[in-house]
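A.B. asks: In terms of our numbering, the sequence shown is residues 12 to 113.
Careful, some of the hints might be misleading.
Claimed, not checked - Label-pair ranges, simulated between beta-carbon atoms:
1. A60 / M23: 52 to 58 Å
2. E97 / A66: 33 to 39 Å
3. V99 / E69: 29 to 35 Å
4. I82 / A59: 29 to 35 Å
5. V45 / V99: 58 to 64 Å
6. A56 / A22: 47 to 53 Å
7. L54 / R77: 33 to 39 Å
8. A25 / A66: 57 to 63 Å
As the list claims (entries may be wrong) - The list that follows gives simulated cross-link-like pairs (lysine to any residue, SDA-like), each with its CA atoms no further than 20 Å apart:
9. K53 / E69
10. K53 / K64
11. K64 / I85
Quick caveat, the hints were computed from the structure, so don't treat them as lab data. C-beta: ideal position from N, C-alpha, C; glycine also.
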Amino acid sequence: MTWRTRFLLAAMVAFLPAVLSRGALPVTERADLVRAERELRKLEADNAALARKVAAVEAEVRALQRGDGEIERIARQELHLVRPDEVVYRLVWARPNEEANP
Numbered sequence: 012m013t014w015r016t017r018f019l020l021a022a023m024v025a026f027l028p029a030v031l032s033r034g035a036l037p038v039t040e041r042a043d044l045v046r047a048e049r050e051l052r053k054l055e056a057d058n059a060a061l062a063r064k065v066a067a068v069e070a071e072v073r074a075l076q077r078g079d080g081e082i083e084r085i086a087r088q089e090l091h092l093v094r095p096d097e098v099v100y101r102l103v104w105a106r107p108n109e110e111a112n113p
């Protein structure tokens, strides 16, 4: 065998694994890819949840801008405000395990 033949044979043997595994990722890169895909799915789910929250806030802003009683509803339900001429009656129920004291 000539030196040229030996060199070509050694080169083919050296590059054979690279040719056979073309497109295959090493184990560490495959694990990184799986981790990145998992993180991508989580971020997409988070993004969808935030998009729903943004849509709800935008709907509330539109309702507040229309002024169709939304401001009053929030003032009454969330802030517990009443009009000056209204009387508030607060009912306090006895708990079932408490006995009524005469």
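A.B. asks: Work down the list of hints and note, for each, if the structure agrees.
C.D. replies: Status of the hints after comparison with the structure:
Range check, A60 to M23: about 55 Å between beta-carbon atoms, so the 52 to 58 Å window is met. One distance hint, 33 to 39 Å for the beta-carbon pair E97 and A66, holds here, with the actual separation near 34 Å. In this structure, V99 and E69 meet the distance hint of 29 to 35 Å, their C-beta atoms being roughly 33 Å apart. The beta-carbon spacing between I82 and A59, approximately 30 Å, falls within the hinted interval of 29 to 35 Å.
The supplied range of 58 to 64 Å is met by V45 and V99, whose beta-carbon atoms lie about 59 Å from each other. Taken as a hint, the range 47 to 53 Å holds for the pair A56 and A22, whose Cβ atoms sit roughly 49 Å apart. Here the CB-CB span from L54 to R77 is close to 35 Å, well matched to the stated 33 to 39 Å. Under the hint 57 to 63 Å, the C-beta atoms of A25 and A66, about 58 Å apart, fit the expected range.
The suggested pairing of K53 with E69 is violated, with an alpha-carbon distance near 24 Å, which exceeds 20 Å. At roughly 17 Å between alpha-carbon atoms, K53 and K64 fall within 20 Å of each other, so this suggested pair holds. Distance check on the hinted pair: K64 and I85 sit about 18 Å apart at the alpha-carbon level, within 20 Å; holds.
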